[in-house]
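Position chain B against the provided structure of chain A, taking the given hints into account.
There are 2 protein chains.
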Amino acid sequence: MYSGAQISIYPMTDDFVGVIVGALSALDPYRDRLQVETDDISTLLVGAPEVLFPAMRDLFVAAAKSGKHCVLHATISRGCPGEPDDAVCYTTEYGGPVLPLEQRKQMALQAVQSAPVTDMASAAQFSLYVMDTNDHMDEIYGCIDFLRQSGTFDRAKNFCTKLGGDAGAVFATVQAALCRFGPPEGHVTIDLTVSANSPTVR
Amino acid sequence: MYSGAQISIYPMTDDFVGVIVGALSALDPYRDRLQVETDDISTLLVGAPEVLFPAMRDLFVAAAKSGKHCVLHATISRGCPGEPDDAVCYTTEYGGPVLPLEQRKQMALQAVQSAPVTDMASAAQFSLYVMDTNDHMDEIYGCIDFLRQSGTFDRAKNFCTKLGGDAGAVFATVQAALCRFGPPEGHVTIDLTVSANSPTVR
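Heads up: the protein sequence lines correspond to chains A and B, in order. Take numbering that gives the first Met the number 0: the last position of the first sequence gets the number 201, and nothing is skipped along the way. Take numbering that gives the first Met the number 0: the last position of the second sequence gets the number 201, and nothing is skipped along the way.
Since the hints were derived computationally from the structure, they do not count as laboratory data. Any given hint could be a false lead.
Stated by the list, open to error - Selected chain A positions facing chain B (in silico; Cβ < 7 Å):
#, residue
1, Y9
2, M11
3, G17
4, Y29
5, V70
6, H72
7, M106
8, D118
9, Q124
10, N157
11, S197
12, T199
As the list claims (entries may be wrong) - Now the in silico label distances, taken between C-beta atoms and shown as ranges:
#, chain 1, residue 1, chain 2, residue 2, range
13, B, D31, A, V20, 42 to 50 Å
14, B, D137, A, Y89, 24 to 32 Å
15, A, Y89, B, S24, 45 to 53 Å
Said to hold, decoys possible - Stretch-level coverage of chain A by chain B, calculated; a stretch enters the list once three of its residues show a Cβ under 8 Å from a Cβ in chain B:
#, segment
16, 158–171
17, 188–196
For glycine and all other residues, C-beta sits at the position ideal for the given N, C-alpha and C.
Bound-form chain A, shown alone (with noise of 0.2 Å):
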């Protein structure tokens, strides 16, 4: 099943252009297992969830280590009708018969507590969106539920709902979103914004 997300790096400094080539080499451990793409307004990466992830999350931290406030911001997508399927897709994070949702509930929060440390501090929003099923709504309660016991749960908002915490655990727990809910060959997309060194009071 086709996987992947269009994303971008905001350092809000003059030198963003020094700052975005400087966390590019943050790449260079998963280039092998994506595929990337860049323009003028997104960089697209292909790859199975178990890659993708820690991908944007090294990208991120290491653009954050500049000191500079730094947002990311990726549109994720799995089983999106009309790409195609592509090996470098192949995963074992989803696929197969549907497990219980409290089963998959409990994956999701192990999938956090095992999440490396990256001593970076950060703040995150997300949207899950579940298409292909009348019962979506079931699917984003049952993640919801997820949030709130995940340790990275910060508060609902409107369209979304925001975490906080180390970036590693943060993005384990977008992660787990995408592959633990939503039907496993449905299309379920995030809509995903992770912010560090903001100077702005919480």
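Relative to chain A, chain B alone:
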């Protein structure tokens, strides 16, 4: 029906706070018809689409007129289950009987043609998500057909469609996509990124 957006402006400059603060007065003509609520990640705007999109456009153009590379991101939603209805969201843009897809395409094209000119060149990309329907891809393909005729179409990308042109036409295109496609009472969302003054060659 509840409608609004979580929006963020990213000016790629050391003086990002100054650019944002300097642009905020662009919202003044709309404030009596919008609810506005800001935190460290985004600003919530709640209101009808015919107020929301011009407000986002004018805010973006005001920031971009700084000459700095500026990006606006918006998570836009209408008809989200669980959100309260609100009088500020009353609109004549949708609701009522479902019109034939071809007629809605024509209404969308007319809206783009009559959009005001802002003299701010922009590039944009967005994803349209239609929930709660088993034929959501029909609505999306109908929308793509409108986009190809809109005059702002740049190209199809994985997970999104890229637009370009005057910011007036670009925001009118996205507004028409939200209002004219998907069920009138349905849950429809957009993940939108608009950029100006990028140093990257297209």
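(message) A closest beta-carbon separation below 7 Å is what the hint needs, so does Y9(A) meet it against chain B?
(response) Where the cut-off is 7 Å and the nearest Cβ of chain B is about 4 Å from Y9(A), the hint holds.
Assuming the hint says 45 to 53 Å, is it satisfied by the Cβ distance from Y89(A) to S24(B) or not?
holds (52 Å)
query: Regarding D31(B) and V20(A), is the given constraint of 42 to 50 Å on their beta-carbon distance met?
result: holds (45 Å)
Item to complete: Tell me if D118(A) is really an interface residue toward chain B, meaning its C-beta lies closer than 7 Å to one of theirs.
Response: This interface hint is violated because 20 Å lies over the 7 Å limit.
### Query
Given M11(A) as an interface hint, is the shortest Cβ-Cβ distance to chain B below 7 Å?
holds (4 Å)
Fill in: Hint check, M106(A) versus chain B [nearest Cβ-Cβ separation less than 7 Å]
M106(A) check fails; min Cβ-Cβ to chain B is 24 Å, beyond 7 Å.
Go check the segment 158–171 of chain A versus chain B for me, would you? Three or more residues, Cβ under 8 Å, otherwise it fails. holds (count 3)
>> Quick check on Y29(A) please, does its C-beta sit within 7 Å of some C-beta on chain B?
In response: violated (18 Å)
Does N157(A) pass the interface hint, meaning its C-beta sits closer than 7 Å to a C-beta of chain B? Because about 5 Å separates N157(A) from the closest Cβ in chain B, which is inside the 7 Å limit, the hint holds.
Next on the checklist: Using the nearest Cβ pair, does Q124(A) come within less than 7 Å of chain B?
Outcome noted: With a minimum Cβ separation of about 5 Å from chain B (threshold 7 Å), the hint on Q124(A) holds.
Worksheet entry | V70(A) as an interface hint toward chain B, with CB separation required under 7 Å | holds (6 Å)
Return the status of the interface hint for T199(A): holds when the least beta-carbon distance to chain B is below 7 Å, violated otherwise. At about 4 Å, which falls below the 7 Å cut-off, the nearest Cβ of chain B leaves the hint on T199(A) intact, so it holds.
Checked against the numbered hints given earlier, this structure breaks hints 3, 4, 7 and 8; the rest are met.
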